[in-house]
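Novice: The residues making up each chain are set out below.
2 protein chains.
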Amino acid sequence: MINKLVEKIKQTKAPIVVGLDPMLSYVPEHITKKAYAEYGETLKGAAEAIWLYNRELIDHIHDLIPAVKPQIAMYEQFGVEGLITFQKTVDYCHEKNLIVIGDVKRGDIGSTSAAYATAHLGKVQVGAKKIPAFNEDFATVNPYLGSDGITPFLDVCKEEKKGLFILVKTSNPSSGEFQDQMIGEKHLYEMVGERVAEWGSELMGDSYSYVGAVVGATYPEQGKLLRKVMPKSFILVPGYGAQGGKGEDLVHFFDEDGLGAIVNSSRGIITAYKNEAYASYGAEHFGEAARAAVLDMIADINGALERR
Amino acid sequence: MINKLVEKIKQTKAPIVVGLDPMLSYVPEHITKKAYAEYGETLKGAAEAIWLYNRELIDHIHDLIPAVKPQIAMYEQFGVEGLITFQKTVDYCHEKNLIVIGDVKRGDIGSTSAAYATAHLGKVQVGAKKIPAFNEDFATVNPYLGSDGITPFLDVCKEEKKGLFILVKTSNPSSGEFQDQMIGEKHLYEMVGERVAEWGSELMGDSYSYVGAVVGATYPEQGKLLRKVMPKSFILVPGYGAQGGKGEDLVHFFDEDGLGAIVNSSRGIITAYKNEAYASYGAEHFGEAARAAVLDMIADINGALERR
Numbered sequence: 001m002i003n004k005l006v007e008k009i010k011q012t013k014a015p016i017v018v019g020l021d022p023m024l025s026y027v028p029e030h031i032t033k034k035a036y037a038e039y040g041e042t043l044k045g046a047a048e049a050i051w052l053y054n055r056e057l058i059d060h061i062h063d064l065i066p067a068v069k070p071q072i073a074m075y076e077q078f079g080v081e082g083l084i085t086f087q088k089t090v091d092y093c094h095e096k097n098l099i100v101i102g103d104v105k106r107g108d109i110g111s112t113s114a115a116y117a118t119a120h121l122g123k124v125q126v127g128a129k130k131i132p133a134f135n136e137d138f139a140t141v142n143p144y145l146g147s148d149g150i151t152p153f154l155d156v157c158k159e160e161k162k163g164l165f166i167l168v169k170t171s172n173p174s175s176g177e178f179q180d181q182m183i184g185e186k187h188l189y190e191m192v193g194e195r196v197a198e199w200g201s202e203l204m205g206d207s208y209s210y211v212g213a214v215v216g217a218t219y220p221e222q223g224k225l226l227r228k229v230m231p232k233s234f235i236l237v238p239g240y241g242a243q244g245g246k247g248e249d250l251v252h253f254f255d256e257d258g259l260g261a262i263v264n265s266s267r268g269i270i271t272a273y274k275n276e277a278y279a280s281y282g283a284e285h286f287g288e289a290a291r292a293a294v295l296d297m298i299a300d301i302n303g304a305l306e307r308r
Numbered sequence: 001m002i003n004k005l006v007e008k009i010k011q012t013k014a015p016i017v018v019g020l021d022p023m024l025s026y027v028p029e030h031i032t033k034k035a036y037a038e039y040g041e042t043l044k045g046a047a048e049a050i051w052l053y054n055r056e057l058i059d060h061i062h063d064l065i066p067a068v069k070p071q072i073a074m075y076e077q078f079g080v081e082g083l084i085t086f087q088k089t090v091d092y093c094h095e096k097n098l099i100v101i102g103d104v105k106r107g108d109i110g111s112t113s114a115a116y117a118t119a120h121l122g123k124v125q126v127g128a129k130k131i132p133a134f135n136e137d138f139a140t141v142n143p144y145l146g147s148d149g150i151t152p153f154l155d156v157c158k159e160e161k162k163g164l165f166i167l168v169k170t171s172n173p174s175s176g177e178f179q180d181q182m183i184g185e186k187h188l189y190e191m192v193g194e195r196v197a198e199w200g201s202e203l204m205g206d207s208y209s210y211v212g213a214v215v216g217a218t219y220p221e222q223g224k225l226l227r228k229v230m231p232k233s234f235i236l237v238p239g240y241g242a243q244g245g246k247g248e249d250l251v252h253f254f255d256e257d258g259l260g261a262i263v264n265s266s267r268g269i270i271t272a273y274k275n276e277a278y279a280s281y282g283a284e285h286f287g288e289a290a291r292a293a294v295l296d297m298i299a300d301i302n303g304a305l306e307r308r
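So the sequence lines, in the order shown, correspond to chains A and B. For the first sequence, UniProt numbering assigns the number 308 to the last residue and increments by one with no breaks. For the second sequence, UniProt numbering assigns the number 308 to the last residue and increments by one with no breaks.
Bear in mind the hints are in silico, worked out from the structure with no lab data behind them. Incorrect hints may appear among the rest.
Copies of one chain are not kept apart here, so a pair can be met inside one copy or by any two copies together.
What the hints assert, rightly or not - Dumping the calculated DSS-like pairs for lysine-lysine here, alpha-carbon to alpha-carbon at most 25 Å:
no., residue 1, residue 2
1, Lys34, Lys130
2, Lys129, Lys33
3, Lys274, Lys34
4, Lys33, Lys123
5, Lys88, Lys123
6, Lys33, Lys130
7, Lys34, Lys129
The whole structure should be built from the sequences, with the hints applied where relevant.
Specialist: Given below as structure tokens:
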């Protein structure tokens with residue numbers, strides 16, 4: 001799957017991923033109205049609104065990008081109904097030949113991590129059958145529990161040729177509280193990065209490992225360092241746009257050949273129609289606004305990569 | 001909710017929680033047969049088998065214990081169908097007046113943690129309505145992202161009078177890889193424990209905080225230390241039984257009055273019928289076997305507390 005991701009990035013010339021992290025407040029009123037008219041102001045109505053919103057977004061951007069990253073929390077808040085929309089979104093993205101990075105940030109003790117790995121990347125045994133559940137292509141994973149919480153994910157990735165992005169240095173303001181602590185001469189995030197490189201060394205694709213890392217766009221210096229610590233790990237970079245990261249901050253996350261990283265934007269794309277720059281599209285045409293924002297983001301990042 | 005938990009522990013004289021972490025391989029054949037006959041070897045068939053298993057377990061033990069702790073990963077591996085069973089299990093436990101600790105180990109950046117907090121402990125706004133989703137009473141939370149990943153959970157707990165157990169020192173063999181690292185004079189888990197005490201100080205119940213901690217039974221020395229670092233935090237102690245913890249290892253997790261900790265057992269209870277000690281019940285009577293194992297566990301822990 002890491003080979004497919006690299007291939008699709010080359011093909012689209014877009015080292016970006018769009019975060020499908022819908023809040024109800026992002027969804028234009030004409031869509032929520034329609035969904036509530038059918039199902040009422042219920043969890044099912046909310047989930048339907050989000051599904052209609054996602055589908056139109058995907059229809060407008062799928063040909064420009066290699067991958068999407070649905071954030072499962074945004075669906076989970078609507079309970080089972082929300083997760084039905086999550087599943088429909090994953091499946092629809094696959095129909096459109098998009099790679100799906102499940103932003104699930106799971107992680108637990110061994111036997112439980114095995115269940116999460118099965119849930120998101122694998123197949124579960126039911127009687128004589130093996131059946132996929134949510135069936136994403138990559139999943140994000142939290143490393144706090146150490147390697148026996150990671151190994152079950154590695155096993156499933158090996159079997160299914162799928163991949164991980166392990167949290168190393170997250171994009172949020174307080175990520176340093178624990179991640180930046182010094183352990184001897186090293187920060188904790190550096191130590192985690194070293195383990196990511198190690199875990200990944202046994203799961204190599206053609207040029208990158210199946211085991212990638214999450215490093216926030218908001219921490220470019222750390223990105224520069226971690227690029228060297230994990231030379232074979234693809235870096236998933238959240239925090240572009242709404243969280244404050246810009247194209248020029250990101251060049252050090254990439255290798256010389258412009259590969260090795262994939263930058264996520266969520267709100268900057270999916271709520272582009274609310275942004276002054278794209279407001280002329282209007283709420284009715286939020287899909288076109290998102291498309292324009294994707295094109296601008298690709299140009300920003302490729303421009304920064306060319307200028308370096 | 002922490003007051004209710006303390007009250008129910010006093011009332012049942014059982015500082016224990018049963019982990020409802022069903023694997024399909026735990027479910028007796030007469031139940032899987034019935035479920036597959038109705039829904040086939042499908043995710044729905046598997047989810048139905050687990051629901052029937054859970055319901056019978058709960059029926060046999062609900063009067064003995066204050067709380068249950070369903071591990072959501074075990075449901076998530078069956079996709080949406082599994083999560084329908086998770087929801088039914090939470091609701092059924094509430095009908096039986098059990099406190100439900102959602103073992104979800106979520107944690108993300110601020111806005112996403114807010115969605116997880118809503119999903120598991122809060123209510124989501126849909127139009128003019130506020131609707132609960134999974135609606136557990138407590139949730140377990142991963143601290144790796146720092147305080148802005150925790151604050152949204154605290155906000156929801158304040159509003160809903162619900163509680164958290166934050167991962168401090170987990171029960172698994174490799175938990176030390178990052179958690180035991182020395183930061184200056186302190187282990188990382190100790191530093192996290194200090195923050196748990198701090199986060200909890202503003203959310204006090206009558207005698208304990210709404211913000212508790214997870215500390216594995218398999219690490220009694222660390223438990224002793226952390227009991228002092230977080231004097232007002234209830235400690236959720238996994239790792240009893242199948243993972244190797246025994247009653248006598250656990251006494252230091254408790255305060256002088258026998259409160260302050262709640263010990264989880266999962267496999268030791270729910271698969272008791274497979275254990276030599278309870279095998280005479282037979283698979284048909286797995287509920288009775290679980291009940292006997294609960295009674296033995298209560299006696300083991302209370303005995304150890306009396307002997308200290």
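Novice: Confirm or reject each hint.
Specialist: Right, here's what the structure says about each hint:
1. Lys34 <-> Lys130: between (38 Å within a copy, 19 Å between copies)
2. Lys129 <-> Lys33: between (41 Å within a copy, 14 Å between copies)
3. Lys274 <-> Lys34: Answer is within; shortest intra-copy Cα gap is 20 Å, inter-copy 53 Å.
4. Lys33 <-> Lys123: Answer is between: at 21 Å across copies they meet the 25 Å cutoff, but 37 Å inside does not.
5. Lys88 <-> Lys123: For Lys88 and Lys123, the Cα distance is within 25 Å both inside one copy (18 Å) and across copies (23 Å).
6. Lys33 <-> Lys130: between (40 Å within a copy, 17 Å between copies)
7. Lys34 <-> Lys129: So Lys34 and Lys129 pass the 25 Å test across copies only (17 Å; inside, 39 Å).
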